[in-house]
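All chains, please: the whole structure from these sequences, using the hints.
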Amino acid sequence: MDFDSGLTQCLPRLRRFAHSLSRDSADADDLTQATIERALLARAQWRPGTRLDSWLYRIMRNLWIDTARSRARSAKREAPPEAGDSVGIDPRPGMEASIDLARIMAAMSGLPDEQREVVALILVEGFGYRETAEMLDLPIGTVSSRLVRGRNALLDLVGER
Amino acid sequence: MIDDEQFFAWLDGELDPAEAASVEAMVAADPALQRRAKAHRALAGRLQAAFEPIVREAVPGRLSEAASPRGSEVIDFAAAQHQRPSRPKSVGLQWAAMAATLAIGLVAGSMISGGGVSPIVQEDGRLVASGELEQALYTRLASAPSDEGTRIGLTYRDKGGNLCRSFAGAGAAGLACHQGRDWRIRGLFEAGEGQQSEFRMASGPDPRLAELIDATIAGEPFDAAAERQAIAALR
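As you go down the protein sequences, you meet chains S and R in turn. If you count by my numbering, then the first sequence holds residues 9 to 169, one letter each, in order. If you count by my numbering, then the second sequence holds residues 179 to 413, one letter each, in order.
Worth flagging that the hints you see were computed from the coordinates, not collected in a lab. This one's a predicted model, so the numbers in the text were calculated from it and none came from an experiment. Glycine included, each C-beta is placed from N, C-alpha and C at the ideal position. Some hints could be false.
[What the hints assert, rightly or not] Derived CB-CB ranges, DEER-like:
#, chain 1, residue 1, chain 2, residue 2, range
1, R, Ala207, S, Ser153, 23 to 33 Å
2, S, Ser153, R, Gly239, 35 to 45 Å
3, R, Ala393, S, Arg138, 29 to 39 Å
4, S, Asp10, R, Glu243, 17 to 27 Å
5, R, Met204, S, Leu49, 45 to 55 Å
6, S, Ile73, R, Gly338, 34 to 44 Å
7, R, Gly338, S, Asp10, 10 to 20 Å
8, S, Asn160, R, Glu197, 15 to 25 Å
9, S, Asp121, R, Gly397, 46 to 56 Å
10, R, Glu301, S, Asp10, 20 to 30 Å
As structure tokens, then:
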């Protein structure tokens, strides 16, 4: 598996992870594009024989944290966003999205960042606890406790049907 | 009493067999824990289902262009040296279809389990057979089908030399290949409504499963004698 075809093959999953992290689909695709560009620039740092997907996820996650930070800074300068007004998120027109996606994205965006990324990597992306801990440079116990808090909160946010 | 972390580690298939069995016993004895497990399995299934269409839909052009070095403006010198002609797009599409089936698999998995041990668990980020499904893959023969539980379809070797078997259970059919000490799930497809009772053919009526078998098989599927021999050799 060379870098180029590996990157192309990872795109659908990277987009999904971006949707877990972002507020809406447009943000998610911007984040995916930024990740691709960063990955191409840093490709010499990827060691063949190691997992390309984890490497790409890690780049995306770090970029997203940077974006979230700068957004938080500019939000302080500008008018505050309507808190909690995230229920009206629409998936991009024409997107073949499930009806549930907008609702789930809204609920995910109600989680603290550090819980959301763990929930996304384990429950949506299907990584194991250990792989997630390695990707995030966290002790496995921290991953496990964030996952507990995140999924309990998410169950409350999504609600019983 | 089990703590939250242990409970969820059990639910996620992260415990070793002995720990898992002890949590399993505690959950079996506690209706409140059973409700909780059910609610959280449903939540995980709903998350998977909500995000799954993203993996299945075509990647927007601007992203696939950005990912092919030719279309990118940010190639550095080292990258340019490594540049190769880009692969045909079908590789990515094939992969996307595969990932989509795996995502469906998690949902289907929670359906098959009926509240008991999940037939498919995550190990090191891979989906592997567990419980009744794993047992069936190790022991059952297509030539001696059982009326209950998982039915085995075709057995064959894939291009990497791994032993693979197609299977069908309540509501789903799939393909698992034996690698290391696990049966890794290569694909899992939800059976359409009303299909389950007629699910008798070797590879099943699901064209996606047949396609997956076609794409991975090396040579011919095993006959009854070869199947028996191959399964005996695993033990």
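Okay, the hints, checked on the actual structure:
1. R:Ala207 to S:Ser153: 23 to 33 Å: Taking Cβ atoms as reference, alanine 207 (chain R) and serine 153 (chain S) lie about 26 Å apart, which means the hint holds.
2. S:Ser153 to R:Gly239: 35 to 45 Å: holds, 41 Å
3. R:Ala393 to S:Arg138: 29 to 39 Å: Distance hint for alanine 393 (chain R), arginine 138 (chain S) holds at roughly 31 Å.
4. S:Asp10 to R:Glu243: 17 to 27 Å: With a Cβ separation near 18 Å, aspartate 10 (chain S) and glutamate 243 (chain R) satisfy 17 to 27 Å, so the hint holds.
5. R:Met204 to S:Leu49: 45 to 55 Å: holds, 50 Å
6. S:Ile73 to R:Gly338: 34 to 44 Å: holds, 38 Å
7. R:Gly338 to S:Asp10: 10 to 20 Å: holds, 18 Å
8. S:Asn160 to R:Glu197: 15 to 25 Å: 21 Å Cβ-Cβ, so the 15 to 25 Å window holds.
9. S:Asp121 to R:Gly397: 46 to 56 Å: For glycine 397 (chain R) against aspartate 121 (chain S), whose Cβ atoms are near 51 Å apart, the range 46 to 56 Å holds.
10. R:Glu301 to S:Asp10: 20 to 30 Å: At roughly 27 Å between Cβ atoms, aspartate 10 (chain S) and glutamate 301 (chain R) fall inside 20 to 30 Å, so the hint holds.
The structure agrees with every numbered hint stated previously.
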